[in-house]
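Asker: The listed protein sequences derive, respectively, from chains A and B. Under UniProt numbering, the final residue of the first sequence carries the number 307; numbering is consecutive throughout. Under UniProt numbering, the final residue of the second sequence carries the number 516; numbering is consecutive throughout.
Quick caveat, the hints were computed from the structure, so don't treat them as lab data. Glycine is no exception: its CB is placed at the ideal position from the N, C-alpha and C atoms. Honestly, I wouldn't trust all of these hints.
Unchecked claim - On the chain B side, residues computed to face chain A include the following (Cβ under 7 Å): (1) 76; (2) 77; (3) 93; (4) 94; (5) 97; (6) 102; (7) 111.
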Amino acid sequence: MSTALLVSFAMTVAMASTPILLASLGELVAEKAGVLNLGVEGMMLIGAVTGFAAAALTGSAYLGLLAAMLGGLLTSLIFAALTLGLSANQVATGLALTIFGVGASALIGAPFVGRTIERLGPLLPQALAGHPVLRVLFGYDLLVYLALGLTAVVAWWLRYTRPGLVLRAVGESDTSAHAIGYPVLAVRTGAVAFGGVLAGLAGAYFSLELTPMWADRLTAGRGWIALALVVFASWRPARLLAGAYLFGAVMTFELHAKAAGFALLPPEILAMLPYLATILVLTLISVRPGRVSTAAPACLGKAFSPA
Amino acid sequence: MTPSAPPRLELSGIAKAFPGVVANDNVSLTVAPGEIHALLGENGAGKSTLVKILYGVQAADEGEIRIDGRPVVIASPKAARALGIGMVFQHFSLFDALTVIENIALGLDEAVDRAELARRVDAILRAYSLPLDLDRAVHTLSVGERQRIEIVRCLLVKPRLLIMDEPTSVLTPQEAERLFAMLRQLAQEGCSILYISHKLAEIKALCSRATILRAGRVVATCDPRAESTRRMAELMIGTELREVARGGRAAPSGPVRLQVRRLSLPRGGPFSVPLREVSFEVRAGEVFGIAGVAGNGQSELLLALSGERLAPEAAMIRLDGRPVGRERAGMRRRAGLCAVPEERNGHAAVPDLSLSDNAILTARHRVPLTANGFLRFGASRSFARKVIERFGVKAVGPAAAARSLSGGNLQKYVVGREILQLPEVLVVSQPTWGVDAGAGAAIHRAILDLAESGSAIVVISQDLDELLALSDRLAVLNEGQLSRPIATADARADEIGLLMGGVHGEHARARGASRA
Chain A
1 MSTALLVSFA MTVAMASTPI LLASLGELVA EKAGVLNLGV EGMMLIGAVT
51 GFAAAALTGS AYLGLLAAML GGLLTSLIFA ALTLGLSANQ VATGLALTIF
101 GVGASALIGA PFVGRTIERL GPLLPQALAG HPVLRVLFGY DLLVYLALGL
151 TAVVAWWLRY TRPGLVLRAV GESDTSAHAI GYPVLAVRTG AVAFGGVLAG
201 LAGAYFSLEL TPMWADRLTA GRGWIALALV VFASWRPARL LAGAYLFGAV
251 MTFELHAKAA GFALLPPEIL AMLPYLATIL VLTLISVRPG RVSTAAPACL
301 GKAFSPA
Chain B
1 MTPSAPPRLE LSGIAKAFPG VVANDNVSLT VAPGEIHALL GENGAGKSTL
51 VKILYGVQAA DEGEIRIDGR PVVIASPKAA RALGIGMVFQ HFSLFDALTV
101 IENIALGLDE AVDRAELARR VDAILRAYSL PLDLDRAVHT LSVGERQRIE
151 IVRCLLVKPR LLIMDEPTSV LTPQEAERLF AMLRQLAQEG CSILYISHKL
201 AEIKALCSRA TILRAGRVVA TCDPRAESTR RMAELMIGTE LREVARGGRA
251 APSGPVRLQV RRLSLPRGGP FSVPLREVSF EVRAGEVFGI AGVAGNGQSE
301 LLLALSGERL APEAAMIRLD GRPVGRERAG MRRRAGLCAV PEERNGHAAV
351 PDLSLSDNAI LTARHRVPLT ANGFLRFGAS RSFARKVIER FGVKAVGPAA
401 AARSLSGGNL QKYVVGREIL QLPEVLVVSQ PTWGVDAGAG AAIHRAILDL
451 AESGSAIVVI SQDLDELLAL SDRLAVLNEG QLSRPIATAD ARADEIGLLM
501 GGVHGEHARA RGASRA
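Sequences and hints are given; from them, build the entire structure.
Answerer: Now the structure itself:
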């Protein structure tokens, strides 16, 4: 394989993985606080459409990113108001949120179908990314770096800071946290909002970078794989990173294989590969013989209302 | 303390009602600086509600709280801690998946550097001789070890008023003595202590005043040192107390019903204790006590006897001569071996299921509560109602969710549920943990009645007084090994206490030190 092909492969992997990593990182934080938000796909779609609309109207992809964050945030706050404020069932509300996101994004996006925008493009000046090898390191847009950086920050924040500890505690035992005096619902609202902002960014990555245009259901179910990744990564940011990039790699491989006319397996089977490989690998690394995994936050998905 | 000094704590006219029940009604009490004040009452008398109000977990409907003479509003536990109030809950506020040090850090209001915190915690652990490994996850700890986390959390804040909710229910006599010495020292330093307990003897030894609650009201204030335990118990329950008398029974000479021979069990998890060649026999009509500090293999022994963990060989456990070591819990129950684990919520009972559904879970074969694969709801309800009535469980009825019961009431229910199945062999762990004197006596009475009817009974408990009152013979479980059984009549509490606490305590400290 030529260097050019390898470079293009590597870069496609990073870009395909980024939205999944962003969305699942946001969901990981929400789930660590004990909230199961199945509306990731919906929040991503809202982010994708608000980002695209803002970019189309202002001509700036970066303003688009801001708008996407805001869109994701507002959508997640609907979820927070229902599940945390009114103690609605989280699973049902999350599913409804996704359906809402599909419909609302189609409505908002209708006037923008067929319009084009300037995509985000590489963050750093071209001079740095002239050589192919340098391009692998320095040739990406803002979000690729942001996703990687945030993963490290979130991992560190959860593990070593006091607010991170409080967030984990709230997800572990809401009653104990409440008894000690931590504001359980406020912490959870914050976690859900963070998940919303990241899901909005993840959605906007599709409409502002990967396919700079608007089409219904643009995110194509990636919100669901992001959700699954959180579970199979045992709620650990490092494994999340590995899982997201593995998924991106197998998916890119599948595209390349198709393009190269690989016909040994039917294309439908090839299309399954990223999902199968990711889940298989993450399951294998999280298996500890003879030990029950205690990775899942104990209060995940449970409604809490302070007495 | 000068007489003119205002009381450290003054409650006047505290009232709190929940839908359907008045928890506190016009409760007033005062605690002087440096006083150890007992709060006495049965399960459901309103003690927990009162201290929750005091600690800011719940808000009172009426009444006033004064600290050092100043009226205060305690809106949250944080506000309580800011006022110098610390509390050790009966239900621990712990996080199972987090480590000991993380749990302690969460109990503090300000962020403390982890190394600095570890140093301060270590100093406290040393000062009060409490063995505790800071890096272990809480879900691997015994109840006794978990309590130490709560105590350390409080002591870190240097409280002026410390609330202890039944602190000694899981401690050995030596550990309890150590705790009392610590509390006395704290009191001498001027810290007031509000002490909730069912153990009247220790209240007599420790407290200089007592407020007795019944049905949410103050029924008496007395000096426990001058009052008889019997009189205080009667004030608490409002009727005369019937003593559980064990003495004067001939040594049981019936056939051996339960035989455990050289039972060894590898550790079940990274922090569980392996059982090493445990052997004992229990005859029909006999109560066999197993003493020991939590975390010495008690949970493992209970799991091995109940059938939740299988013995390596069938012959290691025999029920009426038949090897059952390889049979699972359901089959052993059917054969007549019933067990009550220590943890009532989540192990002995499913919190979200009703009491009658919880009855079906363990009593379906022996009562029976199923027929041809269908549940017999009517029979389940009436069986649950029977347990409720017979053991004085305070519950709305058989339809009440297990989680809606207070700890002591659920304990009465899960113990009663097994006893009323009339098992041939009953294994029960901590039968009266968190249960008040009246109900504790009822549970003891029921256990003895069951023994008298010809069942063999194993009681695993950390409460030595309980074991001395109940059992014919007892042995000490230490680091997974069972001592030679001794007849209770010959046993001296301090000797057994040393066997339980002393040796293991030293080991645990040595382990902790080598890790540090």
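Asker: Now, for every hint given, state plainly whether the structure supports it.
Answerer: Against the structure, the hints:
Given the 7 Å rule on beta carbons, the hint for residue 76(B) holds: about 5 Å separates it from the nearest Cβ of chain A. The interface hint given for residue 77(B) is met, as the beta carbon of that residue sits about 4 Å from the closest beta carbon of chain A, less than 7 Å. Interface hint status for residue 93(B): upheld, as the beta-carbon distance to the closest one in chain A is roughly 4 Å, under 7 Å. About 6 Å separates the beta-carbon of residue 94(B) from the nearest beta-carbon of chain A, less than 7 Å, and the hint is met.
Using the Cβ-Cβ criterion of 7 Å, the hint placing residue 97(B) at the interface with chain A is satisfied: the shortest such distance is roughly 5 Å. Hint on residue 102(B) holds. Least Cβ distance to chain A is approximately 6 Å, under the 7 Å limit. Hint on residue 111(B) holds. Least Cβ distance to chain A is approximately 4 Å, under the 7 Å limit.
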